[in-house]
Every structure is written in structure tokens, then in C-alpha cells.
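According to the numbering used here, the stretch in the sequence shown is residues 177 to 223, in order.
Everything labelled a hint here was simulated from the structure, so no lab data went into it. Fair warning: this is a prediction, and the values are worked out from it, not measured in the lab. Hints should not be assumed to be uniformly reliable.
[Unchecked claim] PhoX-like, lysine-lysine: derived pairs with alpha carbons at most 25 Å apart:
1. Lys189 to Lys214
2. Lys179 to Lys214
3. Lys214 to Lys184
4. Lys221 to Lys184
5. Lys189 to Lys221
6. Lys184 to Lys222
7. Lys222 to Lys189
8. Lys181 to Lys214
9. Lys219 to Lys189
10. Lys181 to Lys219
[Stated by the list, open to error] Simulated DEER-style distance windows between Cβ atoms:
11. Arg186 to Lys222: 31 to 39 Å
12. Arg186 to Glu213: 22 to 30 Å
13. Lys222 to Gly190: 29 to 37 Å
14. Arg186 to Ala206: 13 to 21 Å
15. Arg186 to Pro220: 15 to 23 Å
16. Lys184 to Ala215: 15 to 23 Å
17. Lys179 to Pro220: 16 to 24 Å
By construction, the Cβ of each residue, glycine as well, lies at the ideal position given by its N, Cα and C atoms.
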Amino acid sequence: MAKIKVFKIRNRKGYAAICCNNITEGNTPAAARERMEKALKRKPKKG
């Protein structure tokens, strides 16, 4: 699995996770990481 980078969002409350040109947000670092893992499991759309 690709490396997920989690960081504090400046000027906002919460954290973000970035990986493979995708970004997700969460209230805690663990929540942001879980959301990213879920997003990476999705199959890409055809088209």
C-alpha cells in the first residue's frame, strides 16, 4: 500500500491525509487516515 501522509491543516481545525493525488480530511489524525484507507479501496471510475 502507498504511504499516507497526515498533517495538521493550517488555519482550519482538523487534519488532512494525502496519498496518490487524493486528499481527505478528518477531525483527528486517525480519522483522516481511516478515511484515506477507505478511499484507496474504491475502484476507479470507468470513462
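Decide if the proposed pair is consistent with the structure: Lys179 and Lys214, CA atoms, cutoff 25 Å inclusive. holds, 14 Å
Given hint Lys219 paired with Lys181 - CA-CA distance at most 25 Å: At roughly 21 Å apart (the allowed maximum being 25 Å), Lys219 and Lys181 satisfy the hint.
Check the hint pairing Lys221 with Lys184 against an upper bound of 25 Å on the C-alpha distance. violated, 30 Å
Kindly confirm whether 15 to 23 Å is satisfied by the beta carbon distance between Arg186 and Pro220. violated, 30 Å
Against the 25 Å threshold, does the CA-CA distance of Lys189 and Lys221 hold or violate the hint? With a Cα-Cα distance of about 31 Å, the restraint between Lys189 and Lys221 is violated, given a limit of 25 Å.
Whether the CB-CB distance between Arg186 and Lys222 falls inside 31 to 39 Å: Holds, at about 36 Å.
Starting from the range 22 to 30 Å, see whether the pair Arg186 and Glu213 falls in it by beta-carbon distance. holds, 24 Å
Falls inside 13 to 21 Å, the C-beta gap from Arg186 to Ala206? holds, 20 Å
Evaluate the given range 15 to 23 Å for the C-beta pair formed by Lys184 and Ala215. Given a distance of about 20 Å, which is inside 15 to 23 Å, the answer is holds.
Regarding the pair Lys189 and Lys214, is the alpha-carbon distance no greater than 25 Å? holds, 22 Å
Is the hinted range of 29 to 37 Å satisfied by the C-beta distance from Lys222 to Gly190? At 32 Å between Cβs, range holds.
CA of Lys184 to CA of Lys222, is that 25 Å or under? violated, 33 Å
The structure does not agree with the numbered hints 4, 5, 6, 7, 9, 15 stated previously, though it agrees with the rest.
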